[in-house]
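Chemist: For reference, the chains in residue letters:
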Amino acid sequence: METILSIGIDIGTSTTSMVMSRFLFENTASHFTIPRISIIEKRVMYRSKIYLTPFRSDGLIDIEKLKEILSVEYKNAGITPKDIETGAVIITGESSRKENAKLVTETMSMLAGDFVVASAGPDLESIIAGKGSGAYQFSIDNNCAVVNLDIGGGTTNIAAFKSGEITAKGCFNIGGRLITYNNEQRVTYISPSIKPIIEDIGIDIRSGTKITEENIVKICDTMAEVLVQAVTNNNKNHLAFVGADLYSLMETKESACFKQESMPDYICFSGGVAEAIYNPDIDPYQYNDIGIFLARSISKSRLCKDFNIYQAKETIRATVIGAGSYTTRVSGSTISFSESMIFPLKNLPAFVVGESIEKECMEGISDSYKKECKWFMEQTNAEKIIFCFRKVKNPSYNEVCNIAKVVSEAASCNLEENIPLLVLTEDDFAKSLGQILHRFIGNMRKIVCIDGIKVDSNDYVDIGKPLMNGIAIPVVVKTLIYG
Amino acid sequence: MTEKEIIDQITALVIRELQKNKNTLQKHEKIEQRSDAPKLPAKLVEQGTSADNDKSVSTLEEQKAAITVKDPKDISVLQQMKKLTPARVCVGKAGPRLRTSTSLALRADHAAARDAVMRDVDEKVLEKMDLFSVQTLCSSRNEHLTRPDLGRQFSKETLDLIKSKCKPNPKVQVYVSDGLSSQAVDANCADILPALFDGLKNFGIEAGTPFFVKFGRCPSEDVISETLGAEVVCLLIGERPGLATANSMSAYIAYKATVGMSESRRTVVSNIHKGGTPAIEAGAHIAELIKVILERKASGVELQR
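Quick mapping for you: the protein sequence lines, in order, are chains A and B.
Sequential numbering from 1 applies to the first sequence in our numbering.
Sequential numbering from 1 applies to the second sequence in our numbering.
Calculated from the structure, these hints are not laboratory results.
Since the model is a prediction, treat every value here as computed from it, not as a measurement.
Just so it is clear, CB atoms sit at the ideal spot from N, CA and C, and this is done for glycine as well.
Check the hints yourself; a few may be wrong.
To be verified - If you want the ones that stay clear, here's a sample from chain B, every Cβ over 10 angstroms from chain A, calculated:
no.	residue
1	R88
2	A94
3	S133
4	S139
5	A190
6	K201
7	K214
8	K274
9	E281
Claimed, not checked - Using C-beta positions, here's what the derived DEER-type ranges look like:
no.	chain 1	residue 1	chain 2	residue 2	range
10	B	K93	A	I50	54 to 62 angstroms
11	A	I166	B	I10	26 to 34 angstroms
12	B	R296	A	N418	28 to 36 angstroms
13	A	T3	B	I10	51 to 59 angstroms
14	B	R141	A	E417	41 to 49 angstroms
15	B	R97	A	N469	44 to 52 angstroms
16	B	G275	A	E339	28 to 36 angstroms
Start from the sequences and build out the full structure, keeping to the hints where you can.
Modeler: And the structure:
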């Protein structure tokens with residue numbers, strides 16, 4: 001058994017928080033088979049306060065304040081960055097659109113610990129929030145379809161889970177802090193992303209004008225209606241009343257189109273606004289934003305009338321718990337690496353090819369693979385990449401030899417000298433691939449081969465320090481999309 | 001909706017799904033295991049399967065993968081269950097018994113398991129892997145099954161032959177035996193041996209000359225180890241077949257094995273087959289295990305300490 005500490009940091013549109021979790025790893029295989037390392041327990045050990053995300057007067061995120069928050073919270077938790085072995089910093093919602101978003105996450109991940117990775121991207125956030133809220137696990141335990149809506153300050157992240165599989169994901173510019181006002185109820189901020197709704201319903205609301213409850217409710221009702229439409233996909237029993245134009249204007253640019261094949265069995269709300277959905281009796285003006293009005297609009301919408309509600313285990317902390325507890329995975333237990341000093345490896349772009357080219361690799365044909373590799377290196381402008389094989393299943397020894405040959409050729413054409421050769425396979429053959437690669441390229445490069453991990457194109461891969469005497473390795477698969 | 005309209009709709013749906021189902025089956029996909037598979041009433045699945053009966057091997061596999069419970073309340077639960085086990089669950093029943101198709105599949109698997117035990121290893125496989133062949137004291141398959149004691153002994157002539165053909169005093173002696181499944185040898189040899197030897201070579205471990213033992217039992221490795229003076233002996237042997245697979249192989253590895261030593265000194269890697277540990281990964285894993293055994297100068301329970 002082995003334990004590691006993981007940290008999650010969520011820098012959101014309106015709030016920032018941190019959690020610390022402990023993972024327990026164990027070899028769950030019997031003595032008579034090859035080992036199988038799994039995470040058998042995840043326990044949240046420490047939850048930080050919820051802070052308002054600090055902004056500077058020029059509107060950018062205040063890195064210095066964030067650093068302060070982190071060091072205070074580390075002190076309160078009684079740990080140092082050295083104790084942290086894995087984790088993720090995620091920047092979400094409108095914060096991810098700030099010009100210094102990338103710098104913020106990179107700085108924070110460096111400060112937080114050796115293998116704490118930076119991540120961003122609306123779809124990743126949707127999945128992380130759905131896992132953190134408990135919706136994902138609920139869908140497994142009850143063998144049902146659950147849609148999780150994480151409604152934050154700037155965005156609503158939607159993810160659909162069916163018996164533990166992610167069936168749809170998406171993101172909308174709908175949130176509780178898209179309009180804020182002062183104590184005289186005069187508007188202090190209107191996000192550009194909410195303008196389409198304001199124009200659509202034709203009301204006059206500008207910076208400095210006094211808000212009226214009627215106008216706010218109208219706006220929030222329309223926002224809720226967009227979410228109804230997203231979840232129901234205009235199913236004929238659940239027709240929504242939002243025009244297609246407005247609907248697509250409200251979709252977050254970098255996100256996937258949220259589309260499910262069938263209606264969910266349950267709906268789950270997380271995020272800051274969700275708290276007010278579950279507890280509606282609070283003063284709607286107390287946060288000087290529209291969050292509680294939005295919660296009320298959602299409560300009376302058909303999301304709450306037509307569907308069963310699964311009450312989230314975590315609301316405002318769903319994303320940060322997801323980032324701390326659900327980003328790290330453990331590789332298969334037959335892997336190969338030539339040196340453990342080279343870890344952690346961070347921000348490796350996943351080089352993914354289509355099924356037909358993977359087939360060519362199995363036959364030892366390298367032309368198109370090399371070509372794609374060259375193109376990919378140019379596109380990503382990265383020094384290191386990770387070669388990924390997703391569709392190869394149960395390869396024979398000869399096929400693995402062919403793949404090794406093709407990969408080593410592609411590496412020698414495209415990688416600089418001394419850059420390690422990194423390979424990731426979904427199916428269980430990394431150890432033998434690693435050994436064969438070693439035969440091909442000897443000590444010219446370091447080699448890392450891991451398996452049992454799923455990746456998609458546009459993903460990035462981070463690899464931590466080996467666990468349990470090097471039997472397995474923690475891996476984070478993520479996106480890095482800044483708005 | 002009138003009753004007739006409902007019936008018409010259902011009929012159209014059934015025809016469409018049947019068509020879909022047929023296409024899927026032709027592509028040799030196990031539709032029940034796909035998470036996005038259309039939710040078919042169980043009856044249709046059964047019909048769809050039998051419509052494609054002529055391809056015997058894949059059909060048996062497909063039949064085993066199919067859910068044949070009649071009118072399940074929620075087929076997705078059964079699909080989840082099926083995903084978790086290769087056992088024959090969700091097959092329904094006829095009165096108190098199995099249905100004919102389930103029963104036939106069971107008997108077919110049982111026959112395959114028996115065949116795996118009773119038949120010999122394919123000579124071509126041994127030739128291709130360049131393995132010469134020797135035999136234990138057992139003179140027939142029947143004797144092999146009934147006299148385990150003979151399956152661990154060799155005649156003096158056989159031992160002399162082995163000595164004359166193999167490199168003496170190797171760091172590690174690898175050899176293959178049929179054990180209780182010749183089929184396991186056929187299925188895995190071509191992948192596990194090169195992967196294993198590749199791995200050993202990478203670690204700079206010199207391996208002896210591999211060969212094949214007919215009618216072998218696990219403790220035969222003690223004799224081989226003593227005879228050749230190997231530091232580590234590794235026997236790749238066919239496992240007793242079950243009804244899930246007849247292709248499973250095990251590796252029994254021992255440090256300085258001696259005749260009569262305790263069984264606890266063997267390190268075992270079992271379940272080497274397509275559905276368990278793939279042969280190539282097992283080969284690579286065993287190479288590393290042998291490296292550790294050589295470093296620690298111990299195997300079996302001692303190695304776990």
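Chemist: Give a verdict on every hint.
Modeler: Hint check results:
Remark: the non-interface label on R88 (chain B) is consistent with the geometry, its nearest Cβ contact in chain A lying 21 angstroms away (cut-off 10 angstroms). Non-interface call for A94 (chain B) relative to chain A: holds, since the shortest CB-CB distance, roughly 27 angstroms, exceeds 10 angstroms. Every Cβ of chain A is farther than 10 angstroms from the Cβ of S133 (chain B); the closest lies at roughly 22 angstroms, confirming the non-interface assignment. For S139 (chain B), the shortest C-beta to C-beta distance to chain A comes to about 31 angstroms, beyond the 10 angstroms cut-off, and the non-interface label holds.
With 10 angstroms as the threshold on Cβ separation, the claim that A190 (chain B) sits away from chain A is violated: the shortest Cβ distance comes to roughly 6 angstroms. The claim that K201 (chain B) lies off the interface is violated: its Cβ sits roughly 7 angstroms from the closest Cβ of chain A, which falls inside the 10 angstroms cut-off. Consistency note on K214 (chain B): stated as away from chain A, and its beta-carbon is indeed over 10 angstroms from all of that chain's, at 24 angstroms minimum. With a cut of 10 angstroms on Cβ distances, K274 (chain B) falls inside the contact zone with chain A, its closest approach being about 6 angstroms.
With a minimum CB-CB distance of about 5 angstroms to chain A, E281 (chain B) fails to clear the 10 angstroms threshold, and the non-interface call is violated. Distance hint check: the CB atoms of K93 (chain B) and I50 (chain A) are about 56 angstroms apart, consistent with the given range 54 to 62 angstroms. The beta-carbon spacing between I166 (chain A) and I10 (chain B), approximately 32 angstroms, falls within the hinted interval of 26 to 34 angstroms. For R296 (chain B) paired with N418 (chain A), a C-beta distance near 33 angstroms keeps the hint of 28 to 36 angstroms intact.
The hinted window of 51 to 59 angstroms between T3 (chain A) and I10 (chain B) holds, with their beta carbons roughly 56 angstroms apart. For the hinted restraint 41 to 49 angstroms between R141 (chain B) and E417 (chain A), the CB-CB distance of approximately 58 angstroms leaves it violated. Remark: the range hint 44 to 52 angstroms for R97 (chain B) to N469 (chain A) is upheld by a beta-carbon distance near 51 angstroms. Checked against the hint of 28 to 36 angstroms, the pair G275 (chain B) and E339 (chain A) passes, with Cβ atoms roughly 33 angstroms apart.
Hint compliance for this structure: hints 5, 6, 8, 9 and 14 are not met, and every other hint is.
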